[in-house]
Structures are given as structure tokens and as C-alpha cells.
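Asker: The lines below spell out each chain.
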Amino acid sequence: MKRSAAHIVREYGPFTGVDQVHGVTYDGERVWFASGDKLVALDPDSGITQGAMDVAAHAGTAFDGRYLFQIAERRIQKIDPGTGRVLASIPAPGNGGDSGLAWAEGTLWVGEYRERKIHQVDPDTGAILRTIESNRFVTGVTWVDGELWHATWEGNESELRHIDARTGEVLEKLEMPAGTVVSGLESDGHNTFFCGGGQSGKLRAVRRPR
Amino acid sequence: MDSLITAAARALAAGDPLGALNRVALRDDPQALALRGIAMAQLGDFERARPLLRRAARSFGPREPVARARCVVAEAEIALVSRDLRWPTKALELAQATLQAHGDRINAAHARYLSLRRLLLIGRLDEAERALASSDASSLPAALRTIHWLAIAGIAMRRLRATHARHALAQATHDARQAGIPALIAEVEHASRALAVPAARLLSGGMQQPLLLEEVEALSTSGRLIVDACRHAVYATSALVSLGRRPVLFALAHALAEAWPGDVSRHELAVRAFRARQVDDSHRARLRVEIGRLRTELRALADVRATERGFVLKPLHAPGVAVLAQPVDEKHAALLALLADGESWSSSGLALALGSSQRTVQRALDALADAGKVQALGRGRSRRWITPPVPGFTTTLLLPAPLPGD
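Heads up: the sequence lines are chains A and B, in that order.
Our numbering applies: residue 1 is where the first sequence begins, and numbers increase by one.
Our numbering applies: residue 1001 is where the second sequence begins, and numbers increase by one.
There could be a bad hint or two in this list.
Unchecked claim - To give a feel for the contact side, a few chain A residues facing chain B, derived at Cβ under 8 angstroms:
(1) G36
(2) Y67
(3) D98
(4) G126
(5) E157
(6) G179
Note that these hints are calculated values from the structure, not bench results.
For glycine and all other residues, C-beta sits at the position ideal for the given N, C-alpha and C.
Build the full structure now, drawing on both the sequences and the hints.
Answerer: Laid out in C-alpha cells, this is it:
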């Protein structure tokens, strides 16, 4: 297992009217992040927010190429990013104990925080297809180049972890600086992870190691 | 943090404890327990809130010391508001140190002010004043600044510094409005009213006169020799002699000051100081000894001279003598004065604050209850005492957010 310190390349925020950042996703142009009662869009180049949609947003956020998925209380809602309308909803596998959310190859991946689990879920029914166990509280979940990464957050400590999607074995760890926690996690598909900063109201870009 | 915890914490922050409970009522993980505890406290159910917070503190893991410390702070705050002063201060000190070490400056300050308010409540003014002097509130949130100024006002009032108290209360009013917490604003208003009602009675030359705190302050710098029955002390501008632990000497000084410029007979002094029904030779012998002791104590302020029938007080420099008494002449005035803050007290809390035994306090409370002057709530260990009528019960809980943050 490789272990190294996370390299934070950029810090966004805190933003006016945003007191917490939960789930994070990326639609190819904009970063979307969940902030309790709204989803906020951010241009990662300029660092300027591009507006927000009023929708319950308590934990993970994902993007399937067309729609946004957002965990709110005990459910996962499918949202039209153009109008902010909720199109459908399925039960979340952790029944409210859910944290991170990611989309990959036609299925949703959901972190269950204190249960230290990641579930693979059918996006139409919410049925659990598979469950991976971790040994730390799981927050954000993301896929990049066939690699499954998740964030951990216990107390005031966080790590980003690359794990084997079949066995749950930890392949690589990036340790965040003390007191810097990671809620939501999303990759930009290349060299960067976007990390939600919880109650700090910040978003951080972390370099993905190669 | 997970989805429902976030939703519940948001409901709590928005002042909707029932909404928070709806979301986490059936969960027993530490975060849910902490939120349930805080919600219960906001709903006024302290009996349920405290065990929930204690369970939450116990079940947070070794990597979550900050969350655990916040639960300890919340539990201590509930104890303070319910006037249960026997909570472990050590745990609060440790929690404060943990919060400070992890950079949670605001909750660390919150913990510090809880310790300080407890000191104030049990009358350890010097310690409270030292702690206040070393804390800078200017960078804290408005709610904590209000607490800071209220503590300063509390000390100033007990130390008879009316101008100081008025200034601190003006600051507290300003900060409480900025914090926008109605209960806190009400608490400041309640404290401010104390400046407008008599703080003491002046007995001088057979006359009585109610005094406001400002007038008491003016009196203490008037140069007169004051025998103060509110604080059990004798003072003039030059010096102060505390007789708090010498009740017989104070009773003698009190009797002599009341009669000044006249003298008091040996018989009357013995009756008042020794509560004797019949005065015999042994009382007279004891009186000589006690007068000697009083003379030693007061030597910087006054002389006690023998007259034909008894003794007379002769102030050394002061132009006059006055007695300052409790505003109501009531046997249990000190007890009622504590209860007058409108909070519910446990008998052990009252005993701690008065520095007397719980049994004495219990007897006094029973007597006052029979007279309809106080009222008991609850049974057994959770029994609390209040003065009727209950004026809206100001229990200002600021409660730290129990969850780990950045």
C-alpha cells in the first residue's frame, strides 16, 4: 500500500450563503456541490459560482452524463440540472446513514458513513447489487479510470483512499492535513479530485497521484 | 457525516428540535444521540437530555475527541441552567483543553464561560474575576460576548460598583440584540431590572430607607462607618473587615451600630449575640471576651468603649455610622435572594451557593414552602425549588453544535 500526504492544489470558498459543503460532482464544465438546501454550481477555473438550485441536498451528489443524483434524508433524488426539478427518487441503501454518491457504468455507488460500507445500487429501483466493506467511516465516493476512491472522515481527520473494488483492500492512501476534513469526493476524470470541506464551507482541489 | 444527521442538524440550527427528533429519534449512533440530547435540552426536557449526551460522549470513538468534548460542554451547560452545581468541573476543564488543542476556539471559550458562570453563581467572585480578566471576548460571537458582559455586571453588582454594572449591562444589551436570541435578551433585561429595585435598606438614627445599588455605592464611599448585614462586613473608606465567619462578633457590631451614637446595655448585647433568654454571669464574662475580640478586629476603624451600662461604638475617623440590611427583613432573605433569579434550584445547589449545610437549607426551604413563598418541582434527587410566580423561566442554552466540523 502506498501512503503519502495529499497535495492540495487549490482552495475554493468559503462562498457567501454557503455554510457547509457535502456532496460534490463534476459535469465536465462545472463542479456541483450540495449545501444543505441547495445545489451550487461552480466554475473550477475562475472559482466563481454560477448559480444554485433550491433542492434538499444533505449528502452525496453524482452526475450520470445527463442528470444529477442527490441524497436527501433517506432517499436518492434524480434531478434535471437545467430546471432543478426532481424527476424520480429511490430509497437510499443506508436508510439515511448514507454519505457519498458516485455514478459509474450504469450503477450508483453509495457510501454508508458509520457502517463503513460502500453499496453498489440499481439506479432505477434502489436495490443493493453489492457491498464493499471499509475499515474507516466512508464519506465521498468516486470512480476515475477504473479506480474506486473514497474519502474517510473520523473526528477531525480525513484521508482519500484508492481501494480494490472487489475485495475492499486499500491500495493507496492520501492523508489530508490535520483539521482538514473531506465530505464529498469527485474526480475531474484526469488529475484532480474535488473535495467537499464539510462545515468549513470550502471546496478543495487535490492532485491525483499517478 | 451522513444524510439524516445533516438534515437533523440543520433542523436544530433552524430552531426546529421536533423536526430534528423526527429524523434521528430511533437511531443510537453517537451523532444521533448527541443531536437527540441537544433537541431534548432545547425542548426543556433536561432529565432526558443529560443521559443522551452522556451516552453520546461515551460512544464517540478515539478519533472523535472534539465531538466528545462538545457533548461534555453541552451536558455541563444543561447542569448549570438547571442549577445543579455538583457536576464534575474536572471533565469540563478537560473538554475545554481538548477543544482548545483542536482549534475549536469558540466552543473552548463557551466551556470557559460555563466554569466562570458557575464560580459566579456559588459566590467565588475573586476566582471569577481573575478568569474574566484573562479572557478577551471581542473576537467571540455576540452570544458569548453577552455572557461575558453579564458576568462582569454580576460581579460589579455584588461588589457594589453600580456605574461599572450599568456600563456592562449596556454592552450586554447591545450584544444580546446582535445575537438575536430572545431568551438571552430577556435575561439581560431581567439583570438590568436589578439596578432599579432596592438593593439594601439603610438603618440610621432609628430611620429606615430603601437604597438602590447606586446609592449603596455612594454610601460606601461617603466616609461613614458601615455595618453591612448583606455581606457581613464592617467598612469605611479606609478599610474593610469581613466578619462572615464570625457571626457573634458581627451580631455585636450590628447591635452597636444600630444604637449609635447611643450605647447598648450588656444585657441586650448578650441577648442578641448569644441568643440567651436569661443573662447570667457566664454570659457577661463571655461578652467581655467577645468585645475584646471585636475591638481587635475593628481596631483600624473604630473603638469599642465601655459605658456605665454597656458599650458604645466610637468610629476613629468616620463622621457617622449606618447599618446596611437586606432589602426585605426576612429570616431566609439570602435564600430568597438566590431563588429570585427565577431559575429552579436544587437544595444541594442552594447549600453550595450559601455555604451552609444541605440540611439547614432543606429546613429553611420547608419553612418557606409552608409559608407559600417557594414551591417545589419534581421528586427525590431531581427536586427543584422556585419562587412563585414563575416569571417565564429564563433558561438560555447556547449549546455547542455536537458534531465534528472542519
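Asker: Does each hint fit the structure? Answer for all of them.
Answerer: Evaluated hints:
1. The beta carbon of A/G36 is positioned within 8 angstroms of a beta carbon in chain B (closest approach about 5 angstroms), and the interface hint is therefore held.
2. Hint status for A/Y67: violated, given a least beta-carbon distance of 19 angstroms to chain B, over 8 angstroms.
3. At a threshold of 8 angstroms, the smallest CB-CB gap from A/D98 to chain B is about 5 angstroms, leaving the interface hint in force.
4. For the restraint placing A/G126 at the interface with chain B, the shortest Cβ-Cβ distance is roughly 14 angstroms, beyond the 8 angstroms limit, so the hint is violated.
5. Interface hint status for A/E157: upheld, as the beta-carbon distance to the closest one in chain B is roughly 6 angstroms, under 8 angstroms.
6. Among the interface hints, the one on A/G179 holds; its C-beta lies about 6 angstroms from the nearest C-beta in chain B, closer than the 8 angstroms criterion.
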